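Number of protein chains: 2
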Amino acid sequence: MITKMNCRKISFLGMLLFAMLNCSAQSIPEWKMIHPGIWKAVIGKPDAMTLLSVADATPNLEAMSKLPKGSFPLPQGEISMSVVDHKTYLRFPLEKGEQLYGLGLNFKNVNQRGKIFNLHVDHYNGEDNGRTHAPVPFYVSSKGYGVLIDAARYITVYAGTGVRTDTKNPPELLDRNTSKNWKAHPYSDAVEMLVPADGVAVYVFEGPTPMQVVQRYNLMNGGGYLPPKWGLGFTQRVPTLYSQTDILKEVQEFKEHAFPLDFIGVEPGWQSMAYPCTFEWDKTRFPNPKSFIDSLSAQGIRSNLWMNPYVSPVGSLYPKLKPLSASHTVWNGIIPDITLPKTQQIFKDHFIKEHLSLGVSGYKMDETDGFDSWLWPDVTTFPSGYSAEQMRQMYGLKMQRMTAGWFKEMNKRTFGLTRASNAGSSGLPYVIYNDYYDHKDFITALVNSSFIGILWTPEVRASKTAEEWVRRIQSVCFSPMAMLNAWADGTKPWSFPEVEKAVQDVAQLRMQLLPYIYNCFSQYHFEGKPPFRSMQLVEGFRFSTKDQYMMGDQIIVAPMFAGEKTRTVHFPEGKWYDFYTGDFVGENQPLVITASLEKIPLFVRDGGIIPMVPPHFHAPAQGEKLALEIRHYGKMPASIELYDDDGVSFDYEKGMHSKTQLVVTKNEKGELKGNMIRRSTDKVFSYKEDVVWKFMTSK
Amino acid sequence: MITKMNCRKISFLGMLLFAMLNCSAQSIPEWKMIHPGIWKAVIGKPDAMTLLSVADATPNLEAMSKLPKGSFPLPQGEISMSVVDHKTYLRFPLEKGEQLYGLGLNFKNVNQRGKIFNLHVDHYNGEDNGRTHAPVPFYVSSKGYGVLIDAARYITVYAGTGVRTDTKNPPELLDRNTSKNWKAHPYSDAVEMLVPADGVAVYVFEGPTPMQVVQRYNLMNGGGYLPPKWGLGFTQRVPTLYSQTDILKEVQEFKEHAFPLDFIGVEPGWQSMAYPCTFEWDKTRFPNPKSFIDSLSAQGIRSNLWMNPYVSPVGSLYPKLKPLSASHTVWNGIIPDITLPKTQQIFKDHFIKEHLSLGVSGYKMDETDGFDSWLWPDVTTFPSGYSAEQMRQMYGLKMQRMTAGWFKEMNKRTFGLTRASNAGSSGLPYVIYNDYYDHKDFITALVNSSFIGILWTPEVRASKTAEEWVRRIQSVCFSPMAMLNAWADGTKPWSFPEVEKAVQDVAQLRMQLLPYIYNCFSQYHFEGKPPFRSMQLVEGFRFSTKDQYMMGDQIIVAPMFAGEKTRTVHFPEGKWYDFYTGDFVGENQPLVITASLEKIPLFVRDGGIIPMVPPHFHAPAQGEKLALEIRHYGKMPASIELYDDDGVSFDYEKGMHSKTQLVVTKNEKGELKGNMIRRSTDKVFSYKEDVVWKFMTSK
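Chains A and B, in that order, give the protein sequences.
Under this note's numbering, the first residue of the first sequence carries the number 205, and numbering increases by one thereafter.
Under this note's numbering, the first residue of the second sequence carries the number 205, and numbering increases by one thereafter.
Source of the hints: derived by calculation from the structure; they are not laboratory data.
A quick note: this is a predicted structure, and the numbers were derived from the prediction, not measured.
Hints may be right or wrong, so weigh each one.
Copies of the same chain look alike in the list, so a pair counts if it fits in one copy or across any two.
Derived lysine to any residue pairs resembling SDA-like cross-links, with alpha carbons at most 25 Å apart [said to hold, decoys possible]:
#, residue 1, residue 2
1, Lys487, Asn381
2, Lys870, Glu893
3, Lys524, Pro390
4, Lys312, Asn329
5, Lys892, Gly609
6, Lys892, His820
7, Lys898, Gln280
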């Protein structure tokens with residue numbers, strides 16, 4: 205207990221501190237433009253390890269410099285930052301009518317203003333509260349700027365909820381006794397954040413549009429990852445105890461059902477022990493891993509291995525990693541401190557020898573997210589001295605970075621799965637997935653993924669009805685990874701025979717659209733534009749929607765959900781056409797549409813050019829060439845670049861790629877004509893020279 | 205980004221830190237017995253303001269010294285404490301089969317082992333996760349010891365979930381691929397806690413029984429509060445905009461319906477502005493507060509005023525408190541820094557002048573709990589220099605302490621309501637209530653309140669059916685405060701005419717039982733035994749239950765819930781008898797019982813002595829004396845002390861009370877006989893000398 209004397213003393217010191225704090229809150233931090241349109245300010249002493257330092261990306265300055273040049277997008281005097289008692293206080297102004305996007309992989313809402321988040325890597329548990337697989341501390345304003353807090357900490361964000369006594373925009377004073385307009389949440393004019401660290405680096409991104417903010421963010425993080433072509437084909441994850449024989453049989457079944465398949469996900473059973481893991485092949489189920497992978501490879505199929513990072517005492521890695529691991533275990537497995545170079549080397553040696561050198565094409569890295577009662581507690585200590593909190597925020601990110609590096613060194617692209625990510629991950633070859641299984645919320649997550657430089661797959665596992673099955677498969681085919689995850693349920697694409705044809709059709713439609721989708725990913729890489737993106741990133745879009753999205757610049761995807769025969773689609777400015785028929789549908793309006801069970805509603809903008817290939821079962825092999833059918837929608841002349849490269853290596857970074865012009869012109873009679881214009885320097889990769897143009901609207 | 209050089213350097217320093225930390229974790233803290241059976245250890249530099257310093261109680265050492273003397277109840281070498289990077293890490297051992305109780309006012313579960321909490325003052329939102337009205341950092345072990353962390357911080361508690369690599373009791377290693385016994389939550393042998401502070405004081409309480417742990421905890425905090433007798437009568441909270449005329453009319457209606465009423469809760473409308481508050485009478489609705497209160501008083505009715513602490517700019521307190529308030533507002537009201545003596549004085553002057561001197565008997569202190577989007581954000585700063593986190597954890601507690609002091613100075617007991625509390629509150633005159641309204645969960649909260657030194661009322665507001673109405677009123681009549689809260693719904697006890705008689709009966713039963721209930725509270729005060737308590741505090745109780753509880757030492761309350769005609773009651777050792785009939789029911793067993801709508805199942809232990817008075821409408825006035833009917837149940841001879849005092853003042857602290865012996869003896873023929881033995885020094889207060897003994901079983 206404190207005496208009255210002490211009380212007074214404390215109060216006096218407190219008042220002094222309060223005065224100082226108010227003063228420091230007035231001070232204007234120094235903003236330095238570090239990249240074109242990206243400003244940085246540092247307050248206090250930031251942590252040695254931050255999210256961006258873990259992601260360790262090389263910014264694409266050239267691409268950034270092509271974006272419009274403006275100026276610092278916020279009134280600097282209204283930003284305040286201070287450090288008190290080992291915590292950093294941040295405040296950024298908000299205008300009336302301004303909306304905020306991002307702040308982690310949220311599943312329920314796209315508009316984040318008025319919400320409170322404690323950004324925390326965790327399994328998403330049904331509430332947009334900051335606990336999610338990618339709690340990226342980055343928000344994009346509808347006013348065309350972005351703010352990133354680069355700290356691997358549990359950051360609390362008040363996204364327009366708090367009201368300061370000294371605010372310039374006070375809410376109206378109302379008496380709850382008598383006023384019907386009284387509000388439980390009075391108007392707030394700021395985003396405020398509490399970072400439990402002695403300081404932090406903050407980045408502000410210029411637009412002028414929200415899309416350009418996102419582009420700058422992605423380009424700073426190296427540009428989006430360009431997956432190998434096979435990564436964009438269909439993937440099936442097999443039941444957990446499948447043996448190599450079972451899997452080869454499964455591949456045969458895919459052939460019999462004429463269903464595309466590019467890579468197989470091998471679940472925990474490949475390991476001699478799982479939860480915790482040995483990372484070693486189980487001799488019974490996989491007596492000959494090399495011949496197994498060769499056999500897949502001969503059929504054009506890649507393999508992806510499941511893992512979690514917790515090391516079993518019975519595996520060969522255990523004695524090596526034990527001294528480099530945390531104070532606590534997860535499922536009896538030690539937790540390697542992957543910030544240590546020695547840990548990374550031990551993992552690398554083992555994984556390259558045991559998996560990569562055999563031809564393994566990628567990993568599914570599970571269980572780096574949560575729940576709290578599964579993962580290491582916050583009282584865990586790590587040999588590096590980083591706190592459990594810091595490790596929690598960056599473990600999934602670091603796993604991505606580490607494994608991506610191995611493939612990069614082999615000049616081989618990979619494309620895998622991760623349960624946890626964070627800021628800076630745009631250039632990393634991983635897609636997030638989870639156990640939550642609400643179809644609509646899965647689509648909202650896909651929408652939200654586009655603000656924060658991550659990829660998300662609304663994976664299909666099981667369904668109650670054939671209708672749900674086909675609707676889910678339709679939307680996963682219009683996502684970064686077309687995956688059926690049958691680890692627990694043993695489902696196959698043809699599990700509902702009554703819709704087998706519809707399922708096959710949409711999977712084949714994805715395969716036909718691969719040139720377009722690959723193009724979208726090349727945009728992600730070279731320009732920073734997300735391949736699957738929120739409508740809120742479309743210029744002039746004046747609605748708010750969380751259940752439809754853009755695939756690239758040209759196509760609106762409006763998924764249907766089980767039990768619903770109609771839905772509302774919100775169309776941006778310009779005329780929009782039905783993908784399947786080429787018919788005009790709407791412009792700058794909400795419209796109720798009806799869709800048959802067989803089709804996922806897709807709409808193409810006026811002047812949309814969609815390069816397609818014939819149905820095929822795998823991504824083209826080296827040297828294999830496919831015929832192009834190029835569709836044009838609407839009535840406007842237009843042109844796009846068709847990107848191509850070898851589809852598997854990083855040679856494209858050295859210029860080994862082609863950007864072929866696809867041009868549609870209109871003559872005096874109003875007739876449209878298509879031209880493919882190859883530059884002499886453009887190498888031909890997967891597309892044949894002869895092209896069929898299809899004018900979908902002007903037939 | 206950090207270079208490789210830096211990385212190595214950091215890693216080396218980290219390894220060093222890790223080694224030091226592991227070392228400090230091995231060190232044994234110094235435990236000092238500060239009170240009989242209570243040990244304290246300090247690690248690092250605790251905060252100046254702690255929960256116990258705010259509660260500011262005077263321990264009852266004499267009562268503590270009467271409890272059995274033992275020794276430090278845990279293996280000291282297995283407790284570890286360390287401070288790293290401004291955070292305190294704590295670890296306490298657990299044995300196999302040990303169960304944990306407490307850790308805040310939880311609504312879903314009584315057994316807390318295996319759960320994770322972030323103790324955080326908040327409105328309870330349907331999940332036992334630490335966010336609750338009284339997130340008391342105290343747990344009681346079934347092995348008979350308790351642990352208290354005295355910090356006004358968001359403490360994370362892993363109540364037996366984490367597993368250290370160096371544990372002496374490792375869980376079994378299993379392969380999830382092949383073992384059906386694989387567990388998502390392997391066995392954990394410790395409670396681990398993370399306190400975001402530079403140090404902390406920890407208290408360990410000896411038993412040897414869980415009840416004695418709770419007694420020591422309550423006695424350290426001054427013993428439980430002894431409410432005024434009127435506080436144990438019935439209370440009605442009136443609709444928010446009721447005027448003084450409306451209220452006096454309501455009192456009249458209570459008389460007409462022959463329904464007991466001891467105090468009226470006056471809701472926000474008494475103030476000239478609410479949300480934020482002026483704390484001033486509204487001249488329209490309450491033109492003459494003094495005559496209003498006098499008029500109530502003349503009818504034996506007290507008044508309780510609603511408030512929240514956020515000060516309206518239009519009130520007279522605003523200019524005085526503005527310089528003593530926080531950086532942020534709540535509903536446009538400033539947040540006074542009540543840790544400052546000057547703030548306390550301003551409040552005291554105003555409240556005494558405007559309310560207490562008029563005869564106001566207490567307060568309902570609302571909105572000090574949450575939600576986050578209502579309350580001040582964690583980025584708020586306060587003139588005292590205490591953080592928003594610290595203020596959040598103690599604001600409700602401090603409000604209780606401050607207002608309790610005013611009444612104490614007037615030698616007048618009060619009994620009111622608070623939405624937020626914390627450790628150290630046993631001796632404070634407030635009952636917690638909330639907006640959550642699940643009847644079963646309300647009972648579990650009542651069970652859990654007994655572990656952590658708080659009082660809880662399962663208040664009644666509205667019901668869908670007459671059955672629900674009577675069931676809810678029955679259980680609130682067997683709780684610390686028998687309250688109908690009609691602020692929003694305008695309900696009356698007789699709102700469902702078809703059950704008016706049953707409602708009246710149970711309210712009158714409470715009035716009849718007041719001598720017994722007052723006795724229970726005197727036990728709370730003098731011995732630290734909670735008046736309403738978990739079955740887990742009954743010695744030898746070998747079941748686990750969350751929907752029945754003890755009222756004092758003698759009575760089991762087993763509430764019925766709407767829609768249920770039967771329920772299971774778990775009986776402790778010894779024989780138990782039906783309260784209404786005196787018939788034997790069960791012993792040391794679970795039993796399915798049936799209950800009519802009119803009665804709440806109550807069971808009395810063998811030898812139970814229950815002092816009762818005739819039905820009456822208010823607590824006895826000064827000098828008023830009631831006839832005693834003393835019931836005996838079962839066949840055993842027994843004796844109890846019947847406590848009494850003036851029921852309104854603190855004179856009992858100076859010995860102005862009586863403890864009359866009620867003795868039942870058995871003669872050679874096996875006949876029972878009752879005797880009331882008054883000591884010559886015992887002053888007579890509310891009970892007449894002539895007593896009717898009623899042997900319920902041996903009729």
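Hint check:
no., hint, result
1, Lys487 - Asn381, "between (74 Å within a copy, 13 Å between copies)"
2, Lys870 - Glu893, "within (22 Å within a copy, 111 Å between copies)"
3, Lys524 - Pro390, "between (57 Å within a copy, 24 Å between copies)"
4, Lys312 - Asn329, "both (11 Å within a copy, 18 Å between copies)"
5, Lys892 - Gly609, "neither (33 Å within a copy, 89 Å between copies)"
6, Lys892 - His820, "within (15 Å within a copy, 98 Å between copies)"
7, Lys898 - Gln280, "neither (52 Å within a copy, 81 Å between copies)"
Violated hints for the displayed structure, listed by number in ascending order: 5, 7.
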